[in-house]
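**Student:** So that you can map any letter, position 66 of the sequence shown is 79 in the numbering used here, and since no number is skipped, the others follow by simple counting.
Hint data in this document are derived by calculation from the structure and do not stem from the laboratory. None of the values given here were measured: they were computed from a predicted structure. Treat each hint with caution, since some may be false.
Below, in silico cross-link-like pairs of lysine-lysine (DSS-like), each with a Cα-Cα straight-line distance of 25 angstroms or less [as the list claims (entries may be wrong)]:
#: 1; residue 1: 303; residue 2: 342
#: 2; residue 1: 202; residue 2: 147
#: 3; residue 1: 201; residue 2: 147
#: 4; residue 1: 342; residue 2: 240
#: 5; residue 1: 165; residue 2: 108
#: 6; residue 1: 145; residue 2: 201
#: 7; residue 1: 145; residue 2: 131
#: 8; residue 1: 108; residue 2: 87
#: 9; residue 1: 108; residue 2: 77
#: 10; residue 1: 77; residue 2: 165
#: 11; residue 1: 39; residue 2: 108
#: 12; residue 1: 165; residue 2: 202
#: 13; residue 1: 165; residue 2: 201
#: 14; residue 1: 201; residue 2: 303
Computed Cβ-Cβ distance ranges for the label pairs, DEER-style [as the list claims (entries may be wrong)]:
#: 15; residue 1: 155; residue 2: 369; range: 40 to 46 angstroms
#: 16; residue 1: 303; residue 2: 114; range: 32 to 38 angstroms
#: 17; residue 1: 174; residue 2: 79; range: 26 to 32 angstroms
#: 18; residue 1: 161; residue 2: 286; range: 40 to 46 angstroms
#: 19; residue 1: 136; residue 2: 346; range: 38 to 44 angstroms
#: 20; residue 1: 82; residue 2: 202; range: 37 to 43 angstroms
#: 21; residue 1: 286; residue 2: 87; range: 28 to 34 angstroms
#: 22; residue 1: 369; residue 2: 87; range: 22 to 28 angstroms
#: 23; residue 1: 372; residue 2: 341; range: 17 to 23 angstroms
By construction, the Cβ of each residue, glycine as well, lies at the ideal position given by its N, Cα and C atoms.
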Amino acid sequence: MAFVQHFFSYFPQFNPDPINDRAWGKGFTDWDLIRALPEPQRDSFTPQLGYYDPSNSEYLNTLKAQLESSPLPKAGLMVYHYHFDGVFALSGFEKQLLAHPNNAPPFFLCWANESWSKRWIGLPGEILIEQKHKADAELIEAHVSHLLQFFKLDQYHTVDGRPLFMIYDSQVSLALPRVLAMYREFFKKSGYDPLIGVCVGYPQPSTQLNAYDFVCEFQPRFFFNSKSSSVLTETAARLKVRMPKLFEWIGGQRDRLRGFEGRRSFSYADYLMALENGQMESALRSIAGKLPLMRSAFLRWDNSPRYGDRGTRVDHASVAPASLSVLDKLRSDDGLPLLINSWNEWSEGAALEPGLLEHSLRADFFQALGKFPTL
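Given the sequences, and given the hints that come with them, work out the whole structure.
**Tutor:** The structure is reproduced here in structure tokens:
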């Protein structure tokens with residue numbers, strides 16, 4: 014019998030960091046975005062635990078207990094990892110994983126390898142810290158040594174004995190394939206051969222993914238982009254990898270114009286239909302080519318805490334609970350887990366951890382995913 018293992022994406026933006034201190038003010042975290050919401054709206058973006066600090070050791074115990082008592086009690090976490098050519102950011106939660114591994118849930122890391130900017134307030138050219146992907150052997154070796162601390166933990170997720178490691182964006186730099194080859198050499202010298210995958214949120218040629226071992230469907234971004242013109246999204250994908258600063262500038266102008274047009278809204282019913290009729294999988298397979306595909310699912314999205322009137326939301330009107338049963342057909346290839354977005358991405362309105370207000374379809378979503386036997 015085949016099994017599915019579920020991993021929630023995990024967002025560590027809820028403890029202060031010097032980079033954010035310089036950009037937004039001392040002590041800033043994403044909780045400040047939630048606190049700024051009007052009171053009737055705020056409760057929909059607030060966890061039952063309140064505004065917790067993931068760098069707190071007591072929180073790790075609570076988190077593990079929450080996961081084990083959730084409708085998917087064997088689920089783990091895909092933890093976003095921030096490293097900028099020798100500079101680490103938002104590492105408080107990671108430090109707790111290393112300091113208290115016995116209290117940690119199963120997890121693996123996803124390197125969120127994009128530059129930080131003020132794009133969400135309409136200033137994409139104002140860079141907080143740039144991700145250059147330097148082909149610098151000393152920097153790469155040091156980063157590999159850091160990552161190996163996690164790979165060596167019993168709680169770190171492996172597939173066929175290989176640690177799972179994800180790259181968030183393949184299109185941020187033309188140098189990335191060369192840089193990843195250097196990473197693989199240093200991993201190999203240390204006796205490790207991680208399974209390196211990449212998130213895919215845009216249509217792109219499969220030839221751009223030759224540096225990876227598998228492809229991860231990244232939702233809901235892939236769904237959003239699949240609703241746009243194929244010519245437009247393919248052009249955007251090419252522009253992003255060749256001229257990333259111009260891509261960000263155009264994106265910033267688009268976001269500003271969106272303030273006059275109103276918020277974008279996508280139908281969750283359309284997402285379920287694309288799963289039901291196979292369009293989603295067909296599009297993903299054409300991108301993955303011969304690479305194994307890691308599937309993902311999401312329930313909710315509303316990034317108005319970040320973008321305000323320029324935000325994007327998912328509408329669940331006319332979605333019958335029974336229609337979510339299509340989710341139990343999602344299968345990843347070759348023993349890869351199923352990714353769920355997200356455990357705690359509150360500022361994007363995607364969180365599925367217990368909240369002050371429970372989404373009306375949350376229980377049905379988990380029930381559909383839990384129908385298939387889990388590890």
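**Student:** Taking the hints in turn, state whether each one holds.
**Tutor:** Verification of the supplied hints:
Between residue 303 and residue 342 the CA atoms are separated by roughly 21 angstroms; this keeps the pair inside 25 angstroms, and the hint holds. A threshold of 25 angstroms between alpha carbons decides the hint, and for residue 202 with residue 147 the separation of about 20 angstroms falls inside it, so the pair holds. Proximity of residue 201 to residue 147 is assessed by CA-CA distance (about 20 angstroms); at most 25 angstroms being required, the pair is judged to hold. Taken as a hint, the residue 342 and residue 240 pair is honoured in the structure, with Cα atoms around 22 angstroms apart against an allowance of 25 angstroms.
Distance check on the hinted pair: residue 165 and residue 108 sit about 14 angstroms apart at the alpha-carbon level, within 25 angstroms; holds. A C-alpha spacing of about 23 angstroms is found between residue 145 and residue 201, which places the hinted pair at or below 25 angstroms, so the restraint holds. A C-alpha spacing of about 17 angstroms is found between residue 145 and residue 131, which places the hinted pair at or below 25 angstroms, so the restraint holds. This hinted pair checks out: residue 108 and residue 87 have alpha carbons roughly 23 angstroms apart, not beyond 25 angstroms.
Our distance criterion of 25 angstroms between C-alpha atoms is met by residue 108 and residue 77, whose separation comes to about 16 angstroms. Only pairs whose Cα atoms come within 25 angstroms are accepted, and residue 77 paired with residue 165 is accepted, the gap being roughly 20 angstroms. Among the hinted pairs, residue 39 with residue 108 is consistent with the structure: their alpha-carbon atoms are about 21 angstroms apart, no more than 25 angstroms. Between residue 165 and residue 202 the alpha-carbon distance is near 15 angstroms, which keeps this suggested pair within the 25 angstroms criterion.
Among the hinted pairs, residue 165 with residue 201 is consistent with the structure: their alpha-carbon atoms are about 14 angstroms apart, no more than 25 angstroms. Of the pairs offered as hints, the one joining residue 201 and residue 303 holds, with about 24 angstroms between alpha carbons and a cut-off of 25 angstroms not exceeded. Residue 155 and residue 369 have their C-beta atoms about 42 angstroms apart, which keeps the hinted 40 to 46 angstroms range intact. Taking the beta carbon of each, residue 303 and residue 114 are about 36 angstroms apart, inside 32 to 38 angstroms as hinted.
As the Cβ distance of residue 174 to residue 79 is approximately 29 angstroms, the hint placing it in 26 to 32 angstroms holds. In this structure, residue 161 and residue 286 meet the distance hint of 40 to 46 angstroms, their C-beta atoms being roughly 44 angstroms apart. In this structure the hint that residue 136 and residue 346 lie 38 to 44 angstroms apart at CB holds, the actual value being about 40 angstroms. One distance hint, 37 to 43 angstroms for the beta-carbon pair residue 82 and residue 202, holds here, with the actual separation near 42 angstroms.
Checking the proposed 28 to 34 angstroms range against residue 286 and residue 87 shows it holds: the Cβ atoms sit about 29 angstroms from each other. The given range of 22 to 28 angstroms is respected by residue 369 and residue 87, whose C-beta atoms sit roughly 26 angstroms from each other. Checked against the hint of 17 to 23 angstroms, the pair residue 372 and residue 341 passes, with Cβ atoms roughly 19 angstroms apart.
No hint from the list above goes unmet by this structure.
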